[in-house]
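Chemist: As a plain string of letters, each chain reads:
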Amino acid sequence: MRLDVEGLRADTPGCKHVAHFNNAGSSLPPAPVLDAVIDHLHRESEIGGYEAEAERNDRVEHTYDALARLIGAGRDEIAVVENATRAWDMAFYSFPFAAGDRILTGCAEYASNWIALQQVASRSGAVVEVVPDDATGQIDVEALARMLDERVKLVSLVHIPTQSGLVNPAAEVGRVTRDAGVPLLLDACQSVGQLPLDVDDLGCDILSATGRKFLRGPRGTGFLYVRRGLIERLEPPFLDLHAAEWQPDGSYRIRDDARRFENWETNFAGKVGLGVAVDYALEVGIESIWDRVQELAAALRVRLGELPGVTVHDRGRVLGATVTFTVERWTAAEVQAALAHRTVNVSVALASSARLDLDPRGIAELIRASPHYFNSEEEVDLLVETVAALAKRRRTRSEPGCTAGD
Amino acid sequence: MVNLDQNGGMTLETVAADLRAAIESAPDLDAAAFARRARNAIAQAVVAAAFAAEESLVPPEREPPLDELAGRVGPELAAELAIVYDGGAGWTSHAIDALEPLHALAAR
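Each protein sequence line maps, in turn, to chains E and F. Under the numbering used here, the first residue of the first sequence carries the number 1, and numbering increases by one thereafter. Under the numbering used here, the first residue of the second sequence carries the number 1, and numbering increases by one thereafter.
There are no misleading hints in this set.
Below are the DMTMM-like pairs computed for lysine to aspartate or glutamate, each with C-alpha atoms no more than 20 Å apart in a straight line:
no.	chain 1	residue 1	chain 2	residue 2
1	E	Lys-392	F	Glu-55
2	E	Lys-16	E	Asp-4
3	E	Lys-392	E	Glu-306
4	E	Lys-392	E	Glu-328
5	E	Lys-392	E	Asp-381
6	E	Lys-153	E	Glu-235
7	E	Lys-16	E	Asp-381
8	E	Lys-392	F	Glu-54
9	E	Lys-392	F	Glu-100
Calculated directly from the structure, the hints in this document are not laboratory data.
Using the sequences and the hints given, assemble the complete structure.
Modeler: Next up, the structure:
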């Protein structure tokens, strides 16, 4: 179904101010999300924070239903937390790894996850092993299958990395890990809200995601899915009186749903806003969103790739919204600044965010342009013509065949 | 219809003033901070010039602070930045010449 892009733009206050190609960073929220957050904050100021929470408990609880519907889960399998990294950490640090255990990850692994993997490995004696990519740049599923054995206690997979348009074949990985009886922890930070996700189809046991990117929710929101049968086997790394209950005999009892991964105090306005963002995405239609972002990103890749001096770096069999490129003679920060001058927002991806992928390719930094469905073709034109203007500027010397200032 | 290029109406004169202010900030900043400010100003000015009818900037009201620049970034880069500051024909090419050494300075 074709989207009513003009209508969706009219519903997005930020579209009046910027051409926003930083949706892989943090998207522009639609008006209903903005209204829901502000409304809840107003209510807190009027009657008190606890009282607003109680009065609007149905809206808070609705967020769990909305998230469950979004990914095909049960509401008891959902925890709402501050961000995707915290969601990922709460699950990962709950595994009781021991010396000799193996943890497998992919080349797309994200810096925060990698650091946690290394910390846990150094504490527990478990080893982290990297599954290679195949020739197309996605995780090599056959290599993964060969690496699985009884010592592998977890497979960590980034669905869509921060530094690339790659969409890893999560469902294929899920089939392999499920057959082997190894839990799959899927980092869906960049994929949720961008493309359809169903935890059963994906075969993942744990999924972490954020609100602020392609879901267009408030910053400081994220969520965790943990498969029902796994929840009670995972003791969170820290507990409070929300995650567990103090018993009369002095012991504690951890709750039996996924909210054991939450903590008591939270941003209720953000939580309500996240639920509204999910409703909004479902109303727009995730399939339609996926079609639109692929279309815009593909056009951007083709047009940038045609510019002399511009190199597009995305690899993979399936590519999503994130478009990464470099411009000869210009650092990523300079290109970002130049685009900002024309009110075009992009971001910079550094090798330190994704060394397993970027270091072997000799890439220190990338410009990351990530369209969402509300971006217009005119905005794509503006981005491309600005990059073209930068790329064609020449040095005064050392460039045979080029006229200075051409 | 929303005007997408909201800084498009900004005159090259305004952009030139920002660029020159960045270059004049050399005595006030350490080399790395100066380099970061200068290269961002250059990037914005070059893209503004690319879409302007005339690349040359309005002439500056004063001379660039050449001695302070040389003291901060060395004589060679200072000379390039002085040409950029002047804003005469071909200044954008000199600006691009300056980016690499500025980047190296910014990374120190």
